[in-house]
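In order, the protein sequences belong to chains A and B.
Take 1 as the starting number for the first sequence in our numbering and just add one per residue.
Take 1 as the starting number for the second sequence in our numbering and just add one per residue.
To be clear, the hints were calculated from the coordinates, so they are not data collected in a lab.
Among the clues, some could well be false.
[What the hints assert, rightly or not] In the BS3-like style, the derived pairs of lysine-lysine whose C-alpha atoms are separated by at most 30 Å in a straight line are:
(1) B:K87 with B:K100
(2) B:K59 with A:K274
(3) A:K203 with B:K90
(4) A:K35 with A:K159
(5) A:K340 with A:K320
(6) A:K22 with B:K78
(7) B:K59 with A:K229
(8) B:K100 with B:K78
(9) B:K100 with A:K159
(10) B:K90 with A:K210
(11) A:K369 with B:K59
(12) A:K123 with A:K274
(13) B:K59 with A:K159
(14) B:K59 with B:K78
(15) B:K78 with A:K148
(16) B:K100 with A:K210
(17) B:K90 with B:K100
(18) A:K210 with A:K369
(19) B:K87 with A:K159
(20) A:K123 with A:K63
(21) A:K203 with B:K59
(22) A:K63 with A:K35
(23) A:K340 with A:K142
(24) A:K139 with A:K210
(25) B:K74 with A:K203
(26) B:K90 with A:K123
(27) A:K229 with B:K100
(28) A:K274 with B:K100
(29) A:K148 with A:K159
(30) B:K59 with B:K90
(31) A:K123 with B:K78
(32) B:K90 with A:K159
(33) B:K87 with A:K210
(34) B:K87 with A:K148
(35) A:K274 with B:K90
[To be verified] Over 10 Å on every C-beta distance to chain B, these chain A residues come out as not near it, computed from the model:
(36) D40
(37) G51
(38) D173
(39) R178
(40) D185
No residue lacks a Cβ here, since even glycine has one placed at the ideal position from N, Cα and C.
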Amino acid sequence: MSQVLILGAGTAGTMLANMLVKALPPDADITVVDKDDAHDYQPGYLFIPFGTSTPERVRKSRKAQLSPKVRLVMGTIQRVDPEARTVTLDNATLDYDWLIIATGTTPRPDMTDGLTDDRVWRKSAFDFYTLDGATALAKALKDFKGGKLLVHVTEMPIKCPVAPLEFVLLADDYFRHRRMRHLVDISYVTPLDGAFTKPVASKRLGGLLKDRSIRLVTDFAIERVDPEKRTINAYDGRALPFDLLVTVPTNMGAQFVTDSGLGDDLGFVPVDPKTLASTRYERVFAVGDASNIPTSKAGSVAHFAVHVFVENFAQAYAGKPMTHAFDGHANCFIESGRGKAMLLDFNYDTEPLTGVFPAPAVGPFSLLKESRLNHLGKLAFEQVYWQILLPGHPLPVPTLMTMAGKVPAEKTKEA
Amino acid sequence: MPINTIDGYTFTVNDEGFFTNREEWSEPLAEILAGLVGIDDLTEAHWAALRFMRDDQAKTGMTPTLRRMQTQGKFDVKELFTLFPGKPAKKMSYLAGLPKPVGCV
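Work the whole structure out from these sequences, hints included.
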C-alpha cells in the first residue's frame, strides 16, 4: 500500500483526489490536507460585489465534495521535507510515498507598500478574489456616490487573468443600471502593454473597453499606494488618484512552499510543464495554480491538466514511464456585461482562436466574440463545477486543445 | 520569423521584435540596439543588469521578471526605471537578447 498525499482540497486537489480513487489500485491510501472545511466556487466571487451572487451561495463543505474513500485531514501545513518524505502540519506529521501540491495561489495585498494601510484598506481600496474582499466591496459599490474608480492589476501572474477585465465591464453595466454611469470615471490599470496577455485577445478586449468608455492605462508598474493622497504611484513617476480602488494584489504560492525551499520567487513550484513533476525532487508534483507552468492560473487549466496528470500519475505509481503530455490548454468565459460573454481558448503554443468551441452537448459557443449563449454558459458552469468537475466525471469537451471549428483570429475579418 | 540586419549583424526576432536565439546576440550589437530604444550609452550599471539577466536566463531558461531582478539580483527597481526609462522589463530583455519575460499569461 502506498500513501498518496495531496496538499490542498480546492479545485485541483478535490478533482484529483476523486479521480485517483478510480485510477489507482484499490489499496492506494489517498489523503488530502486542508486548513478548513470551506470550499468556495471561486468564479462566483466576481458576481458578489454586484449583488448577483451571495457569500452563502459560493461556499460549500470541502469534505462533501470528496469521495468517501478519500481521507481529509484538517491542519495548517508548515513544512515539506522532500528528502525524508514527510509533511509537518501544526497538529501532526504525515508520511508520504507520493506528494502532490495543490495549494493554489493567494492574493498578497501586504506585498504592495501602503495598500493595507488602515486609512484605505477595505475602506476605499478592495480586493475581490477573496470572499471577505468581495463581500466588503459589495457594500462599497452600493454606497459609491461617483468619482474615480480604478480597477488595477498589480503584477502577473494572477489567478484568472480575465477576471479584472470582467470586473470592469460588469462595473460599467452596474453603474449604467443605477443611472449613474456618467458620474463614474472608470480606468483599467495594468502592468501589461495591453488589455490582456495574449496579443490577439488583447486587441479585441481593448476595443471592448473603448466602446464602453473605460480608460486603459498600460505599463503601470506600481511602486506603492499613497493612503494619504489616495493615489497609486508607479515606478516611472505616474500617480493616479482614486475614490475607489479595486486591485488584484500580487499572487503568490503558499508560504510553506517557500519555507520548504520548493518554490520560485513567487512561491510557485517549478515543474515539467508536460508532466507536472517537480524539476527538483522525485515523487513530488504540483497541479493547479500552485505550479509555475506558463499558462493561465485558472480552474479550466486545472481541470484539463488534472485529466492528463491522472493518466501519467497512474503510470508513475505503477513504476512505468509517463507517456502523456499536457499542452497548457485554457479556456475561459469572459463575462462582458449586458447579458453577454465571450470565450477564449488557448494553450502553451497557440494564441486564442476565433470560431466555435465544439461542445456537442452544450455548444457551440462563439470564441472571442460576445454572445448571449456564452453568458448562459458561464452561468451554467456553476452547476457543472459542483456536479461534474469536482467529482471527476468526464465533460463533453476535449482535454487537449483541438483545432476543429476554430480559425486563427488574424485570418478572420474583424467582427 | 522575421530576420533583422543592423550594421552587418543578423538576428532572428519574433513578431514583437524580441530575439528568438540568444546566441545571435553580442555586446557590440547591444550597444547599437540601445540607441534604438532611446538609451545613448550603456554604462556599467546598465551592463550589470543585462549580464545578470543573461546569466539568470542561462540557468533557469526563463527571462527574469522585475521581481526576480529585485529579489535575486538585488537591483533597485526604481533605479532600473531610471536606467531603462519607460518600460524597463521589455527594454532590458531586448538589449540582453532574450525573449520578453513570461509570467504574463
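For A:D173, which was marked as not at the interface, is the minimum beta-carbon distance to chain B over 10 Å? Fine: 27 Å to the nearest Cβ keeps A:D173 off the interface.
Distance restraint between B:K100 and A:K159, which requires alpha-carbon spacing of 30 Å or less: At roughly 21 Å apart (the allowed maximum being 30 Å), A:K159 and B:K100 satisfy the hint.
Check the hint pairing A:K123 with B:K78 against an upper bound of 30 Å on the C-alpha distance. holds (29 Å)
Straight-line Cα separation of A:K35 and A:K159 no greater than 30 Å? holds (20 Å)
Holds or violated: A:K340 and A:K320, Cα atoms, limit 30 Å. Roughly 47 Å separates the two Cα atoms, so the pair is violated.
Is B:K59 close enough to B:K78, meaning Cα to Cα at most 30 Å? Answer holds: B:K59 to B:K78 is near 25 Å, not above 30 Å.
So if I understand the rule, the pair passes when the alpha-carbon distance is 30 Å or less; does B:K59 with B:K90 pass? holds (20 Å)
Assess, step by step, whether the Cα of A:K203 is no farther than 30 Å from the Cα of B:K90, and give holds or violated. holds (19 Å)
Assess, step by step, whether the Cα of B:K87 is no farther than 30 Å from the Cα of A:K210, and give holds or violated. holds (23 Å)
Has the given pair, B:K87 with A:K159, been kept, meaning a C-alpha gap of at most 30 Å? holds (24 Å)
Need the status of pair A:K274, B:K100: alpha-carbon distance at most 30 Å? holds (22 Å)
Compare the distance between the alpha carbons of A:K229 and B:K100 with 30 Å, and conclude whether the hinted pair is satisfied. violated (34 Å)
In the structure shown, a violation is registered for the earlier hints numbered 5, 6, 7, 11, 12, 20, 21, 25, 26 and 27, in ascending order.
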